[in-house]
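Given only the sequences and the hints, what does the whole structure look like? Please build it.
There are 2 protein chains.
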Amino acid sequence: MHEKTAKPSSASPSGGLSVREARACILGKTAPLGTEDIALERALGRVLAMDVRANRDLPPRDISAMDGYAVQAADIANAPTTLQIIDDIRAGDVPRVALRHGQCARIMTGAPVPDGADTVVRVEDTRPGPDGAVDILVPVQAAADIRRRAETLRQGDIVLRAGTGIAPGTVGVLATVKQATVTVYRQPRVAILSSGNELEALREPFDPARIPDTNTYALMAQVQAQGVEPEILGIARDDPAELSGFLERGLGYDLLLVSGGTSVGVHDHVRPTLAALGVTMHFWRVEMRPGHPVAFGTSGKTLVFCLPGNPVSSMVCFEQFVLPALRALSGQRHLFRRTLPARLSQAVKSRPGRIEFVRVTLAPGASGIHEARCAGSQSSADMPGMARADGLLIVPSASKGLAAGDIARVQLLETGAYQAEAEPGDDA
Amino acid sequence: MHEKTAKPSSASPSGGLSVREARACILGKTAPLGTEDIALERALGRVLAMDVRANRDLPPRDISAMDGYAVQAADIANAPTTLQIIDDIRAGDVPRVALRHGQCARIMTGAPVPDGADTVVRVEDTRPGPDGAVDILVPVQAAADIRRRAETLRQGDIVLRAGTGIAPGTVGVLATVKQATVTVYRQPRVAILSSGNELEALREPFDPARIPDTNTYALMAQVQAQGVEPEILGIARDDPAELSGFLERGLGYDLLLVSGGTSVGVHDHVRPTLAALGVTMHFWRVEMRPGHPVAFGTSGKTLVFCLPGNPVSSMVCFEQFVLPALRALSGQRHLFRRTLPARLSQAVKSRPGRIEFVRVTLAPGASGIHEARCAGSQSSADMPGMARADGLLIVPSASKGLAAGDIARVQLLETGAYQAEAEPGDDA
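Chains as they are written, first to last, in the working numbering: chain A, -6 to 421; chain B, -6 to 421.
Among the clues, some could well be false.
Copies of the same chain look alike in the list, so a pair counts if it fits in one copy or across any two.
Said to hold, decoys possible - Derived EDC-like pairs (lysine to aspartate or glutamate); straight-line CA-CA distance at most 16 Å: (1) K393 x E414; (2) K171 x D200; (3) K294 x D247; (4) K171 x D50.
None of these hints come from the bench; they were simulated from the model.
Below, the structure written as structure tokens:
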């Protein structure tokens, strides 16, 4: 299937794949890794590799949904009436006595309904009565305010399926069925390599002739944001032997990210060196901006991405290709960033033929649709702008650009997951 | 200010605060904690407590934006023409010779432009010439394809401000300015306590008369999702002395979460015990559904939240109140979940007077606006439904309910951050 999708798009004269074709090629070669058992306390963000069944009925028996009095419906049909209180039942208690005609039991929310009772009257519909009795002020519907046994969970039923991403609510459900240990998909082991003679390592002394290694750390953080701690291999100089050593080490991981340095000379080394190490490259260009020179290959089960040396392009390529691959390896089924519609507050130019990803910040808009504003210049050298961006606004490849007021889709980045204001339009 | 906002809303007859009033009360008593220095490798998700300045000009000098030839514009004004190649400059090189009339230098992307050159001609606009020369095929604009020194960063300029949440792009910028160690706000220390005789601990043996402790782990995961590892104190039984011991320990943290167990009897203990320990309570009820019985207090700098025993209610209250407080303590300025508009695919009922949070799943909609569908029943006992929810749909307190097709705001939860499909409407 990927052979087909890896063929150049008819829509792209220069022979690169479309973003969709490139993704299909990558995901066609990506499958979840093995599984492992971990404690529930470590499970957040992982993916279930097992179906999970309820270990009990919940509630374990009929319980009261309110604080009030457990009664026999027949006794209160003609309320107001007075009933004798024979018990006081709290959550966790086991009722001692069964209710008989004319009797009731004081009962708390979550407390088990005693035998003989079929209805709960809320405390606000009652009034303390003479010695040990309570006045029921109004009749209530039979069976009112009782939560039935197994209403929430029935023992043996599947409550969570394999492939479920573990979010806070999922952890709650796992605790509810007493799943202290869970079987999840193993996380991918990721290696990051930068290359280029001009690069200065983070902890190397300042050298005016060189430029800092941005990509290693931007990629590290993008991987960390997926809950995976990557291995940083370092910086390979433009030397075939050194590069080969680094790449060979990187091929021992599930996923290898090579960012190209800024010189084409480096790519000249990377391509033959990867080939010599037995890596099959599946594409070398994608019709997108920024990020055109992005390449993908495989060696056995190892996925290899060659990302542009330009930091913004590298981050955008990670978002479109590496992120879904990383999530697929982790067993996730939701592989793509949430997108939302936004109204452009300014025009953006675009040359047709390549899909364009515009870094934007989002602000609450009048109609409830967010206003999207360009984050800094759209120069692919503008890292500060990329750092500020809440999302990537998509200009389709056929488009000649968008006008102010146009509505477009925005891929929501980490930065965009939270906003400064609560809902203005209403009370939350 | 909080005194004012803590006063019951005129809009709420039963005397609870509105969600907005409750948030204002909480945030009026919440300030960032101290600061600490950490390695860049650990900085993702933290908040800068320092302004960060550029440590260099970037690019450090004029560099080429393309692979091609560095020339003197005057020499190619009447191209086609032929120039002598006197140098071959790659990224990281320091040019040895200055260009003179009739000369050019082969230059790679990111490589420094030699003295004497003022323009770059792209390789595709050239052709190899006779012995050591190149044919420039077309005239290009003077200064074309040169990135100017300090175009991206100017030494000494502030590139990131204190209060910036550290996302992957931010990590990239910090690496760019060689900030291997960063000063960030300290993360809050959080304690979680459950209470109720009916609760069975995660690793306790199964007891048919009791119910599992869901809240401790759902809350744990909600805190973990904010990058904070909470301390789990355990389960306090309905015994004042035991409860007092647990609460006293919890007050040693920055933030204490007490979930109430399901019996009012417990609250009866919690309230006086907190008072006896010197905690000032600021509110005890909020006009919301689920989650009405949520309380907030302070003791010195410690924030105390009493959350409903019902797991879904507890999680929703965390989202509305604890999450913004936790983020404010961490120094974040974006305190609230991203919201997006969604079209309801079914009607939802609501009783006016309380804002309602409806658990929904999101699916791509025709118009680009997501379709929102209720996740399971809206019973506040339906944890599996809460676990599936992509977001919380807001039904304003004045509303009598929403109809199918209505558009409402949805707070996006962790589950909702990713989606199963890439953009259908276009190529990404």
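Against the structure, the hints come out as follows:
1. K393 x E414: neither (34 Å within a copy, 25 Å between copies)
2. K171 x D200: For K171 and D200, the Cα distance is within 16 Å only across copies (11 Å; inside one copy 57 Å).
3. K294 x D247: within (7 Å within a copy, 46 Å between copies)
4. K171 x D50: within (12 Å within a copy, 57 Å between copies)
Hint 1 from the earlier list is the only one contradicted by this structure; the remaining hints agree with it.
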